[in-house]
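*Asks:* For reference, the chains in residue letters:
Number of protein chains: 2
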Amino acid sequence: MTDIMKNEQQYPNSTIKTLLNRRTIRAFAPTPISDERREILELAAQRAPTSSFDNAWSAIRVTDKALAEKIAAIGKQKYIAEAPLLYVFVVDTHRNARIAAEKGVPADDAVAFAQQYTYNQAHDDAVLALDAMQTAAESMGLGVVLLGSILNDMPQLVKLLHLPSLVFPVLGIAIGEPDQSPALKPRMDRSRQIFENRYPEDSETESMVEALASFDEAVHQYYDLRDTKKPVDRFTDQIAAKATNPAPATKPFAKYAKEQGFKF
Amino acid sequence: MTDIMKNEQQYPNSTIKTLLNRRTIRAFAPTPISDERREILELAAQRAPTSSFDNAWSAIRVTDKALAEKIAAIGKQKYIAEAPLLYVFVVDTHRNARIAAEKGVPADDAVAFAQQYTYNQAHDDAVLALDAMQTAAESMGLGVVLLGSILNDMPQLVKLLHLPSLVFPVLGIAIGEPDQSPALKPRMDRSRQIFENRYPEDSETESMVEALASFDEAVHQYYDLRDTKKPVDRFTDQIAAKATNPAPATKPFAKYAKEQGFKF
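Heads up: the sequence lines are chains A and B, in that order.
Residue 27 is where the first sequence starts when you use my numbering, and the numbers rise one by one after that.
Residue 27 is where the second sequence starts when you use my numbering, and the numbers rise one by one after that.
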C-alpha cells in the first residue's frame, strides 16, 4: 500500500475510504433503517449496470420475521433474521419472458431468454446490483453481510420466496447498524491476484504456498470475531482443509437453475 | 424518487451521488491513469467481499496494445483498445488448487475446487471485485464500461490471456477519463424490480407491458450516444425484438467453463 493510503485523511475521497475499509458485519443493532435510507439503497441497486439493458434481475425484500427466520434456518446463521434489512437478489428473466409473450413472440423463440449465457448475464446483473446496495449502505455507516449461506437449500428458498420459472436466487444481503467492530481482513499481495497481459505460468512461481507466506501470516494474526478462542488458520491451510474435506455438493446451482427453466 | 434526491446537494454523501449517477462511458480521453490511481483501483477490487474467504478470482491488466486490439476485435468495439486501463476479471480456482496440491491434498479431493458451486462462488467474487473497481473509478471522476462483449469468443480469450485450467473469464472493464457525457439511462419503477416477501404472482399484473408503460416511454425519450440518428426503442420492444431474433448461443459459458475444468 502506498504512503498516501496509510494516512486516512489522504484517501482521495470518501468512497475510496469506504471501499478500502470494507469488513463484513455479522451483528446488528436493532435500530430500524428509515424508509428514506431504504429507498436510497434500492435506487442505488437499480442504477447498477445491466448487461444488454436486459434489467434481468429482481430482489425480494424480506420484512416478514417468520419468513426471515426460515431463511436464517437455511443459512444456519441467526443474524440473518436479526438484521433490520434483508434482501434476496435473484436472476429474473421471467419478467422479460412475460413481456415477449405479451408482444406475441412465439414461445419457442422466447425460450431464448432461458439460454445459458442469458443466465450468466442476469446473474452478473444481480451481483452488480447487490454490490451497489452494499456500497451505498456502507457509505452511510451501515454494516453489511453478503449471504451465500441462504443457498444451502435452493429448492426450499425458491419455495419460500414463491420464485416462478426463470427466476433463481443468487445471493442475499443483510444490512443494519453495526453492533461489532471487526478488524480489516487481510488480502493477498496484489501481484498474486492482478497480473499483466497474461496469466502467469505455474513455473514462474515454484511454490504458491511460499509465495503467499506473508499473506498467510497476516491471516493467522487476524482476529475473527466469530471464534475468538483460537487463531485463524493460515490461508493456505484453510484451502488445504477445504480441499481435503470438500463440502458435499450441497449447492448444485446448475441442477436447480435447470429446474427453474434455465438451460446449460 | 423522493424529493431529497432531486436536489443533488442533498445526496446523503458523495458515494450515493456517484452510485445514483452511474452511466456507461464508451469514449475515453487518451489521458493515462496514474500509477497511484491504478493502485487504488486494484486495492479497491481486492477489498471486495470474497465467498468463504476463497479469494477465488484474479484479474489480468491488459497494457499490451496489440493484445488489447485483439480483445477489442472479439468484442467488436474499438473503445475497448482505446481505454487507458483495461482489465479482464476471471474466476480463479487454479491458485487454490495449486495450494492444495502443494499441501499434499490428493488430486481427487482437490478436484472439489472445480465443483459447480465453487464456480458460482468464484464467479460472484470476480463480479464483486470488478464492481468495487468500477465504483472506485467513478468516485474519482473516471468513466467506466463493463465488457460482456469480450466473451463473444471465449476460447480465443482464454488463449490470448494464457488462462490455465480452473481459470475462466467473467467480464472485462475499461476505464479512462470520459470523453462523452451521456444522459442517465432510465430504470423501471422500483416496485417492478424490488418486491416484498415473495415474488408476485403473474395474475397480480394483468399486463407487464402496460405496467412498464412509463419506463417504456422514458427509454424511448432517452438519447443513446451510440446511435443518435433514431430514438431508442421502448424497453418492451427491445425485449420482444431480442426474443424474436435470439442471438445464437455464442457464449455457451457452461460448455467452455467445462473445458477449463469446471464441473456443472
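By construction, these hints were calculated from the structure, which means they are not laboratory data.
Some clues are possibly wrong.
For chains that are exact copies, the list does not tell them apart, and a pair is met inside one copy or across any two.
Heads up, simulated SDA-like pairs for lysine to any residue below, C-alpha to C-alpha not over 25 Å straight-line [what the hints assert, rightly or not]: (1) K185 / K256; (2) K211 / E65; (3) K277 / S78; (4) K43 / K91; (5) K289 / T270; (6) K289 / E243.
*Asks:* Does the structure break any of the earlier hints, and which numbers would those be?
*Replies:* When the structure is compared with the hints, numbers 1, 4 and 6 turn out to be violated.
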